[in-house]
Amino acid sequence: MENLLTSPSLIQRAYWLIRLRWVAIATLAAATFVSHELMGVSLSASALYAFAVILLLYNFVLYDLLRYWTWGDKQPSPTRITGIVTFQISADLLILTTIIHFSGGIENPFSFFFVFHMIIASTLCSKRQSYLQATLAAVLFGGLVILEGTGPLPHYGLANFAGHDLYRNSTFIFGFLFVFIVTLYLVVYMTTSISEQLRLQQESLEKANVQLEEKDQVKNEYVLRVTHDIKGHLAAVQSCLDVVLDEMVGPLNERQKDMVGRAHHRTTKCMEFVTALLKLTRMKLTGRLEIERFSLRNCVLSALALVQNRAQSKSITLNHHIDPAIDFIDGEAVLIEETLTNMLLNAVKYTPAGGSVGLDVKRDGTFVQVRISDTGIGVPPADLTRIFEEFYRADNARATEREGTGLGLAFAKQVVERHGGQIWAENNPTGGSTFIFTLPSHFNEPDS
Amino acid sequence: MGQGSILIIDDDPDITEAMTVILANRGYEVRSAQDGSEGMDRLKEAKPDLIILDVMMRTSQEGFELSRELKHNEKYKDIPILMLTGVKQKTGLDFKADAGDEAWLPVEEYLDKPVRPDVLLAKVEDLLSRS
Chain A
1 MENLLTSPSL IQRAYWLIRL RWVAIATLAA ATFVSHELMG VSLSASALYA
51 FAVILLLYNF VLYDLLRYWT WGDKQPSPTR ITGIVTFQIS ADLLILTTII
101 HFSGGIENPF SFFFVFHMII ASTLCSKRQS YLQATLAAVL FGGLVILEGT
151 GPLPHYGLAN FAGHDLYRNS TFIFGFLFVF IVTLYLVVYM TTSISEQLRL
201 QQESLEKANV QLEEKDQVKN EYVLRVTHDI KGHLAAVQSC LDVVLDEMVG
251 PLNERQKDMV GRAHHRTTKC MEFVTALLKL TRMKLTGRLE IERFSLRNCV
301 LSALALVQNR AQSKSITLNH HIDPAIDFID GEAVLIEETL TNMLLNAVKY
351 TPAGGSVGLD VKRDGTFVQV RISDTGIGVP PADLTRIFEE FYRADNARAT
401 EREGTGLGLA FAKQVVERHG GQIWAENNPT GGSTFIFTLP SHFNEPDS
Chain B
1 MGQGSILIID DDPDITEAMT VILANRGYEV RSAQDGSEGM DRLKEAKPDL
51 IILDVMMRTS QEGFELSREL KHNEKYKDIP ILMLTGVKQK TGLDFKADAG
101 DEAWLPVEEY LDKPVRPDVL LAKVEDLLSR S
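One line per chain: the protein sequences are A and B, in this order. The opening residue of the first sequence carries number 1 in my numbering; numbering runs sequentially from there. The opening residue of the second sequence carries number 1 in my numbering; numbering runs sequentially from there.
A few of these clues could be false.
FRET-style restraints, in silico, Cβ to Cβ [said to hold, decoys possible]:
1. L212(A) with K77(B): 33 to 43 Å
2. E74(B) with N319(A): 56 to 66 Å
3. V226(A) with P13(B): 13 to 23 Å
4. T317(A) with V119(B): 53 to 63 Å
Below 27 Å or equal to it, Euclidean Cα-Cα: the simulated DSSO-like pairs (lysine-lysine) are [what the hints assert, rightly or not]:
5. K231(A) with K349(A)
6. K207(A) with K284(A)
7. K269(A) with K123(B)
8. K362(A) with K349(A)
9. K123(B) with K231(A)
Derived coverage of chain B by chain A (criterion: at least 3 residues anywhere in the stretch with Cβ under 8 Å from a Cβ of chain A; other residues may be distant) [what the hints assert, rightly or not]:
10. 13-21
11. 113-119
For the record, the hints were derived by calculation from the structure and aren't laboratory data. All C-beta atoms, glycine included, are put in the ideal place defined by N, C-alpha and C.
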């Protein structure tokens, strides 16, 4: 990789150069106006205004060309993009030289603007290209002042601004050019060395990122295998305990029943944890969704039905409101129903008896938004984002409910984000919390 | 009390034992096999009224292959099969899409492991009453 920037950001920079040029054109016109009309500096204003117009046209053409090359998903080759940028810089150097020629040559302090182009070249182009641009600038500007000083080119002096024979003073020309050219090369040297360092850093970061992803993949495969094996053993343990607890192999006394019951309960919890971990890991490993058009309305209703009993046993009121315009959306129905059920169960779990849980489905631009609010214990503000991390449980959640996998919300986050939606939590001002997620959708209007 | 004979084909001896106890307690006649070929031997000895089959045995496909083989066999194709899985969805083996496709997954029912005794008994009773 020769360049600091990747193709897409180089394209952005090419557009950026065009935007900068609009500003430069305005500045040229304004500077001409101010110095000529207001400050009374004598310069060939009409030529400069003409240049502003020519530049304007040039920039329009460039903009159109760039749009044509990058239209839609078109991805021009890196060489072409670099070509566009290099061309722009070289053309700008030529134009700047011409403008300076018509506005005082060596007398014009705008010659400092050559430095800007050196910085742009050094960050956007290769090292070699940057030095070539510096050489081009040196030849153009050096050629201009020498030709003006020795006679072949006319000199358009800036009377009332600089001494009238400065442009013919060879010592001044020599001194000025020396500092000018040294500045150009030094700027290129400094900027390219910084760019190169940044580029190397970027490369090593990218490499590290790839390595991390590979390691994460290996970790996930490992977790998948281990949990799968553990689940097999757990299933056997649970099946055998079931048989004992249901007294199919003989009666149990109270003490025995209690102890086997405890073992059975813990096995069930362990099973839930392993199942949740397995599901989450599989999701991360495969990541493909089976998108179908399904009724979100039915999904919500069946999730509500699943939670109804649990809510009733805690005397929790379950309210819901679904925007009548919302029905079919794209997504994997099984996963979304599971997510809805999980989040409703969570709301019921962390809401004290007698409270209420509400589910609200509405439109949010091209998305549907599902809000599940409760009058429960709320989420400590510092934990609002952390609760979506794997295994993380907020302190008050842990205190309320000792058992919990800490994986439910991580799974919900995976599901929602895989669908291109977002998930987050908020605390209600009146107590309790609201969990919100969005899913992208095309709506089936009731009429259509 | 239940009536009928059941063949369990599962490579996990503990799960097999637990299921045998559950089903025998209800009055069913239960036999078991540890893999597909042993299962075929048991089938040849006597034809059961129901087969309980584990999806994943030595190879992850063995249960599927065996169920296909049985459904293509004139002699055995009318025996209902209850498939047990340690995996539900997202395995690459997609039940949802293919459960309707008899040629691909020719089983009558499938249950996720571990199966609660009451769920197992209800399902078995249901399948036996269908035939």
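Now for the hints, and whether the structure bears them out:
no., hint, verdict
1, L212(A) with K77(B): 33 to 43 Å, "violated (52 Å)"
2, E74(B) with N319(A): 56 to 66 Å, "holds (57 Å)"
3, V226(A) with P13(B): 13 to 23 Å, "holds (22 Å)"
4, T317(A) with V119(B): 53 to 63 Å, "violated (31 Å)"
5, K231(A) with K349(A), "holds (25 Å)"
6, K207(A) with K284(A), "holds (21 Å)"
7, K269(A) with K123(B), "holds (24 Å)"
8, K362(A) with K349(A), "holds (24 Å)"
9, K123(B) with K231(A), "holds (23 Å)"
10, 13-21, "holds (count 6)"
11, 113-119, "holds (count 5)"
Going down the numbered hints, you'll see the structure goes against 1 and 4, while the others check out.
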